[in-house]
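Number of protein chains: 2
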Amino acid sequence: MNVLIVHAHHEPQSFNAAMKDLAVAELRSQGHAVEVSDLYAMHWNPVASAADFGVRQQPDYLVYALEQRHNQQQQALAADIRDELDKLLRADLVIFNFPVYWFSMPAIMKGWLDRVLVSGVCYGGKRFYDQGGLAGKRAMLAISIGGRPHMLVEGGVHGELNDMLRPILRGTLAYTGMTVLPPFVAHHVPYITHEARVELLEQYRQRLRTLDSLPPLQFVRLDQFDAQLHPLPA
Amino acid sequence: MNVLIVHAHHEPQSFNAAMKDLAVAELRSQGHAVEVSDLYAMHWNPVASAADFGVRQQPDYLVYALEQRHNQQQQALAADIRDELDKLLRADLVIFNFPVYWFSMPAIMKGWLDRVLVSGVCYGGKRFYDQGGLAGKRAMLAISIGGRPHMLVEGGVHGELNDMLRPILRGTLAYTGMTVLPPFVAHHVPYITHEARVELLEQYRQRLRTLDSLPPLQFVRLDQFDAQLHPLPA
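Here the protein sequences come in this chain order: Y and H. By this note's numbering, the letter at position 126 of the first sequence is numbered 126, and the numbering carries on one by one without gaps. By this note's numbering, the letter at position 47 of the second sequence is numbered 47, and the numbering carries on one by one without gaps.
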C-alpha cells in the first residue's frame, strides 16, 4: 500500500522524529511505499489565504472553500497545496505524527488540514462521513503527549484523550470519509528515561505490524439521517 | 475592563470581520478599553520554532516549553510573542473571533495559542485549570460555522458543538485558568441572507451587553484530584 506520513516537529532529534523514522523503515520493510511530508523541513506555509489561488471565482470577496473548488477545477491551486493533495490522494494510509500542543496538533499541521483538504475533492455537499471524498483510505494519529495515562481517561483530570481529539478524529478524518484507526499515544514523553522511550518505540513498531487487526473507531453514517440531516429513528 | 479580541479572517468584508468591528464599537461604547490582534492583517507567524528564542537553555535540542520558560525569564522571547503576551496579560476578557475550520480554529490562530500561551506564565507545573496562570480572566469564542443548529447538538450528525470545541474550551482556555463563557455561535453563515446576518449581529450585540449575567462553563478543579492527579472521592 501507499503510506503518507505527515510529520510536524521542529527538533530532528525528537522522539516524534524517531517515531517518524521508525515508521518509514518499518513500513518499507513490510513492502509498502512510504512518502513523508516533514512540515518543518519543508517550511510548510500553514496560513490559508488568497495567495493559494491562481484564479478567482469571486475576485472581490474571498470565500475559501468556494475558491478551493474553483481552483481545483481550473488546476490553479498553489503548487504546495497541489503537491500535498496529490500525495494524499495516492495514499491508502495517512499517519499524522505530532506532539500534542493544546490538546490538538501544532499550527503548522493544522494548516495542512486547512489548505490541503480541498472542498470539492475531500468533502463538499453531502460528501461527508461515510460518503466523504477520502472514503477507502485509513488514517491514524501517532502522537506524543506530556500527560500520564491516568490523566487522560474518563474521570481523569483532562477526561478521555479521544474526546479531546474529537475535532480531528471525528470532525476531520471521519468527516472526510477516512477509516480512523485508534491513535497510537506515547505518554509523558518529556519526562521519561531513554529506556522508556525505546520501549515506546518498540510498542509503536508492534502497532505498525498489526494495523490490519485493529478495529477502527466508529462514527455516524449518513443513512442514519434524513435529507435535512435530522436523525432518523434507529 | 480591558478586552483583547484575537481575530482571524482573511476577508475584511467577512461576517467574522463584521463581528469583530461590532464588538470593538459595542465594548468601547460600554466604556471598556479594547485591543485587537487582527492576525491576518498583522501577518502573524503561527509556526512555533527555534526562531522564537533569543537565548537557549539547551542549544542542541529544542524543547519548546522549556525555552519558553527560559526566554521569558531572560526577556528574550521574540518581539511578536512578547507583544501578544503583554496584550493577553493586560486583558480582563479575551474574545477569540474566527470561522470554524475543521471544527477548530484556523491555523493562524492555533499558532497564536502555541506561541503566546507561554509556559511558566500561562501554565506550568501544577498551574492549570483553576490554578492556571490566567486565572481571573474571562474568555469567550465568537465563531461562525457552516452547519445548522440541529446538526450540532447531542444526537445530531456532528454531535454537540461544545464537545467538538473541547480542546479549546477545556484543554486551552480552562486549562490556563480562564473563566470560559459559552461560545457565541453564528450558524450557517455562508448560506444565509443579508437580513439574517444582520439579525445575527444584533444577537451578538445583545450577548456583549449581557456578559456579566452569563453562567460560565464548568470544568474540573485541582482540589478534586490528589498530588499525582488521581481523582479524589467526591
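Worth double-checking, as some hints may not be accurate.
You can't tell identical chains apart in this list, so a pair holds if it fits in one copy or across any two.
[To be verified] Straight-line alpha carbon distances no greater than 20 Å define the calculated SDA-like cross-link-like pairs of lysine to any residue that follow:
hint	residue 1	residue 2
1	126	29
2	87	233
3	87	33
4	87	199
5	126	62
6	87	151
7	126	188
8	126	102
9	126	215
10	126	190
11	87	12
These are computed hints drawn from the structure, not numbers from a lab.
Cross-check of the supplied hints:
1. Taking identical chains as interchangeable, the C-alpha atoms of residue 126 and residue 29 are never at most 20 Å apart, the minima being 39 Å within one chain and 43 Å between chains.
2. Within a single copy, residue 87 and residue 233 get their C-alpha atoms no closer than 40 Å, and across copies no closer than 50 Å, so neither meets the 20 Å cut-off.
3. Taking the closest pair of Cα atoms, residue 87 and residue 33 come within 20 Å of each other only inside a single copy of the chain (11 Å); across copies the shortest separation is 48 Å, beyond that limit.
4. In this assembly of identical chains, residue 87 and residue 199 lie within 20 Å of each other by CA distance neither inside one copy nor across copies; the values are 31 Å within and 43 Å between.
5. When the C-alpha separation of residue 126 and residue 62 is checked against a cutoff of 20 Å, the pair qualifies neither within a copy, at 23 Å, nor between copies, at 44 Å.
6. In the homo-oligomer, the alpha carbons of residue 87 and residue 151 never lie at most 20 Å apart, since the shortest distance is 36 Å inside one protomer and 32 Å across protomers.
7. Taking the shortest alpha-carbon separations for residue 126 and residue 188, only the inter-copy value of 15 Å comes in at or below 20 Å, while the best intra-copy value is 40 Å.
8. In the homo-oligomer, the alpha carbons of residue 126 and residue 102 lie at most 20 Å apart only across protomers (16 Å), although the nearest pairing inside one protomer, at 31 Å, exceeds that limit.
9. Taking identical chains as interchangeable, the C-alpha atoms of residue 126 and residue 215 are never at most 20 Å apart, the minima being 26 Å within one chain and 36 Å between chains.
10. For the homomeric pair residue 126 and residue 190, the shortest alpha-carbon distance between copies (16 Å) is at most 20 Å, but the shortest distance inside one copy (42 Å) is not.
11. Taking the closest pair of Cα atoms, residue 87 and residue 12 never come within 20 Å of each other, the shortest separation being 22 Å inside a single copy and 33 Å across copies.
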